[in-house]
Every structure is written in structure tokens, then in C-alpha cells.
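Participant: Put together the whole structure using the sequences plus the hints.
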Amino acid sequence: MRFSTLSLFPEIIRASTDESMGLKAQMKDLVEIRHAQIRDHAVNAYGKVDDAVYGGGTGMLMMAEPIYQTIEKLKADFRADHPQMEAPRELVVYMSPRGQVLKQAMAYELAQLDHLIILAGHYEGVDQRVLDAVKAKEISLGDYVLTGGELPAAVLIDVVIRMLDQVLPDQAAWQAESHASGLLAEDQYTRPEVWRGHQVPATLLSGHDANINAFRKASALYNTLKERPDLLEAYPIKEGEWRDLLDFIKDSSYNPKG
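FYI, in this note's numbering the residues of the sequence shown are 425 to 682.
Possibly wrong hints are sitting among the right ones.
As the list claims (entries may be wrong) - With a straight-line cut-off of 25 Å between C-alpha atoms, the simulated SDA-like cross-links for lysine to any residue are:
(1) 497 - 513
(2) 650 - 588
(3) 472 - 460
(4) 674 - 613
It is worth saying that the hints were derived from the structure and are not from the lab.
Facilitator: Set out below in C-alpha cells:
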């Protein structure tokens, strides 16, 4: 899979993608990550890529033509490098606060693509005509506004890349994380058994697999109920899980939070 980003500040994205998981995946030839500078397709020799907004308003808007030319170049490069693909699964994404909020299920769908092109806007945004022309899917990280789309682009790549085959040592790892099952992750502990007077829950030390699994599910349900109860609207809680959750809440030895 290839990730292609286009922005005015590609070094911000590269600082993330060329470290940790992204770097390891590239070194293993599991993914390709390329970063394009939109100014390379500016409309004049001075690197002009933005202009005033029609109808008035504050700030400057990124122009359509430099973005369009950059995307076309990224598509052409991918086809030249992969001539065996007659119809590559390809999508242009625009990181935007008005887009659909990124969820784990959406990231899984994006991980099925051959080529994901990510547009990171800046200033007041992007001329709508180019978004329409390239059929861009708008994606948001949440209900807030950032200076530019570079950080969200890096986040999107990180979320998607860990779902690809062989990127994680154990492919089941991401499936057990928060949101993958529809719940937040359970509380987790490591050595020492007692830290500053705080004890690891006895159930986790019991060696009883069924009880440990029940603890983990109850802990995940408790965390979701407390922090993100909206997620439970789409999660069918079974009768036995309700009982385990109630035991978890009532038993201070089972639930260190009380």
C-alpha cells in the first residue's frame, strides 16, 4: 500500500511517518509513504498557492490548480510504479474539521486500498471545486480546528498502517485495542505486583483464564460506560456481561477504582 500526502509543510508529516511503526513498515517494504510539496505546482514563479476568498472573509484560501496538479502527479507516479494494476483501489482524502469523524471501522476500510492520497490543507481551507473534481472524502479527527491538516494526516497514516498485514508482530494486536471491538480497552497492569501501595487486581494473578477474561470484559464495559456511554448504543451487552459488570463495580478487590 502507498500513502501519498500533499501539503505546504510535508516535513511535519514526515517527522511522524519516518519514526516508530511507520519507519519499521517502510524498512520492511510493507508500505510506501511519499510526501509532495504543493508549492512545486504553484501558479507562478513566486510559489503562489493561495488567494482571497470570493464573497469576502478573513484569511486566504488554497487555490484549486496547484492541488489538482499535485494529485494528478501522485496518481501518475503510482501507475507508473505499478503498471500491473489495471484499476488500483485509490482514494483522495481531505483532512477537514467538517468531515466524517475518523473511527476504527473507517480506518479498516481505508486499509484495503492500494493507494491513499491525503490532502493536508492550510490557511482557511481549500477551494471547493478541486475537492469536487477529485471526489475527495473529507475526514475529521474531532470537533475542533487545527492550524493545518498535517498533524491529522500523520494520525490517519498511523491509524491505518497498523492494520496492514505483518506491520504489527501479532495481527490480532490491533483487534484487541480500544474501539476495535466497539468498547474502550480494559485496565492493564505490569510488574511490580505492588506499586506504591497499589495492588494488581487479584483476579489477574489467579491464573484462571475464564475469570481473567471476565475481568477484562467487565473492565472494558466499565471504562466505556464511564467515559463513552454513547458507544454502548451500538454494543449488545449480554446478560452475563451485565452481571460481571455489576460485580466489577461492587467488588473493590476486583475493581481497584472502587
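Participant: Quick check: which numbered hints come out false for this structure?
Facilitator: 2
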